[in-house]
Amino acid sequence: MSTTENRDGTVVAKVGDHAISMTREFAAGPEKVFRAMHDPELVAQWIGPEQLEVTEVTGGTAHGDTWTLVHQDTEGNTYEFRGVVHGQPSAEAGSFRTFEWLGMPGHVSFERLTFTDLGGDRTRIEATAVYLSAEDRDGMYDTMGDGGYHRLDPLLAGL
Amino acid sequence: MTDDQLDLVFGALADRTRRAILARLADGDASVNELTSLFRISQPAVSKHLKVLEHAGLISRTRQGTMRLSRLEAEPLQTASRWLGTYREYWSASFDRLDDLLRRDSS
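Heads up: the protein sequence lines correspond to chains A and B, in order.
Position one of the first sequence corresponds to residue 113 (the numbering used here), numbered consecutively onward.
Position one of the second sequence corresponds to residue 98 (the numbering used here), numbered consecutively onward.
Calculated from the structure, these hints are not laboratory results.
None of these values were measured; they are calculated from a predicted model.
Hints may contain errors.
Heads up, simulated SDA-like pairs for lysine to any residue below, C-alpha to C-alpha not over 20 Å straight-line [unchecked claim]:
#, chain 1, residue 1, chain 2, residue 2
1, A, LYS126, B, ALA111
2, A, LYS144, B, ASP196
3, B, LYS148, B, ARG158
4, A, LYS126, B, ARG158
5, B, LYS145, B, LEU166
6, A, LYS126, B, ARG113
7, A, LYS144, B, LEU198
8, B, LYS145, B, THR99
9, A, LYS126, B, SER189
10, A, LYS144, B, SER191
11, A, LYS144, B, ASP193
Derived list of chain A stretches under chain B, where covered just means 3 residues or more per stretch with a C-beta under 8 Å from a C-beta of chain B [as the list claims (entries may be wrong)]:
#, segment
12, 137-146
13, 152-159
Selected chain B positions facing chain A (Cβ under 8 Å, derived; list incomplete) [said to hold, decoys possible]:
#, residue
14, LEU103
15, SER191
16, ASP193
17, ARG200
For each residue, glycine too, the CB sits at the ideal point set by N, CA and C.
Pulled out of the complex, with its shape left as it was, chain B reads as follows (with noise of 0.2 Å):
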């Protein structure tokens, strides 16, 4: 995943509704009409978390009869959380080995 791709997941994830629409998701694909109902925002509000979501590769669209489905796609949100974990990590690790500098300088 390129830093760009990064970036469109990051975004997308920084908006607490598409967090819980991802949340919702991950119980089974939807409609829009159903995700309506669900957040208590309007319709075109709806459609339009949905289409950051799906620009990011989050979700994907698929149409059944007249509905729009909407389906969580899991591989960006396994590498973000992955990146993520690494960052947690960063001032942790970091501090460590600034202990070890301090310790070794000292000696």
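This is chain A alone, in the form it adopts within the complex (with noise of 0.2 Å):
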């Protein structure tokens, strides 16, 4: 199995063909974390990195509904991510939702994320992604981690 550590310590591997799992500690306890995770105010305040703009968040904690993500570049590309609930999400029972990239419309995937209490105030969340093909999950865990695009840097170095 594929695993990589990324530099902030979040764990991404490969699980089976079409699924990729990320694990990674928190300090703060599951509600908190989950809150964090789900409110799209809160949301907006952490997803990406600082150099992507957060243009649009939405989201919901009921079955059905959607859910939107739209980051800009500092050079006005848009990236836009969207899916729908499905379920009744808790920090308890996990949420699940599907996931596309408009980028790449028609890949979507569907995602598991749970979140485990371990006690004095920490939490570890997993987030499972499942993928349509085989292709779909390795080009995704490829951007997610030290994949084999990484095989690519020798030769771009040596243009």
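Since each chain comes alone in its own frame, lean on the hints to assemble the complex.
Structure (structure tokens):
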């Protein structure tokens, strides 16, 4: 199984042929982490690196609610993500949603996010995403961690 | 580079053989015959891959006598790499900021 540890401690791993899991701990209780990851006003305060402006965040915690996220880079390019909430999300039950980047329309994935109480105001989140094809999964893994595109770096350096 | 162009570049890069063709072209221009013998796939298959790469702007093709040579075009690849560099960093940067938010929130 391929696993990458990102510089912030997030562990990204391939699961089977079609899934990726992402695991990380936070210094707050599950309720608080859940709220920070579902309340659009709070999400807008942390999602994406600082150089990507957040121009729109919507979301909900009821079955069938839609969520959207729109980023804009410094050159004015926009990156739009969207999906639908499935079930009744909570810190105990976790949350389920679909995910689509409109830059690659039709490559829709299904995500589960769980919150494990580690005690002492610490929570471990695990985000699992299931893709429609192994190619989609591998392409996404390459962008999220130390994947195959890294092999292009030496090539680029030689140009 | 527009989103549409990035789609073409990433679509082209999503195939292992096409990435191998690009890696080979980084060493210099090559003919279809040369690429065919290198990758042990049929000549029409190589031609199809080259068409995809050309459409994405990743290679250009020139004629030298009776031979058609493929040449690597660096610019789209470098743009794609910049975008990937940003996205690879996406979650690390996001979660660092979420750490800060949770810390602020508890004080």
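- Task: Output the numbers, in ascending order, of every earlier hint that fails for this structure.
- Result: When the structure is compared with the hints, numbers 4 and 8 turn out to be violated.
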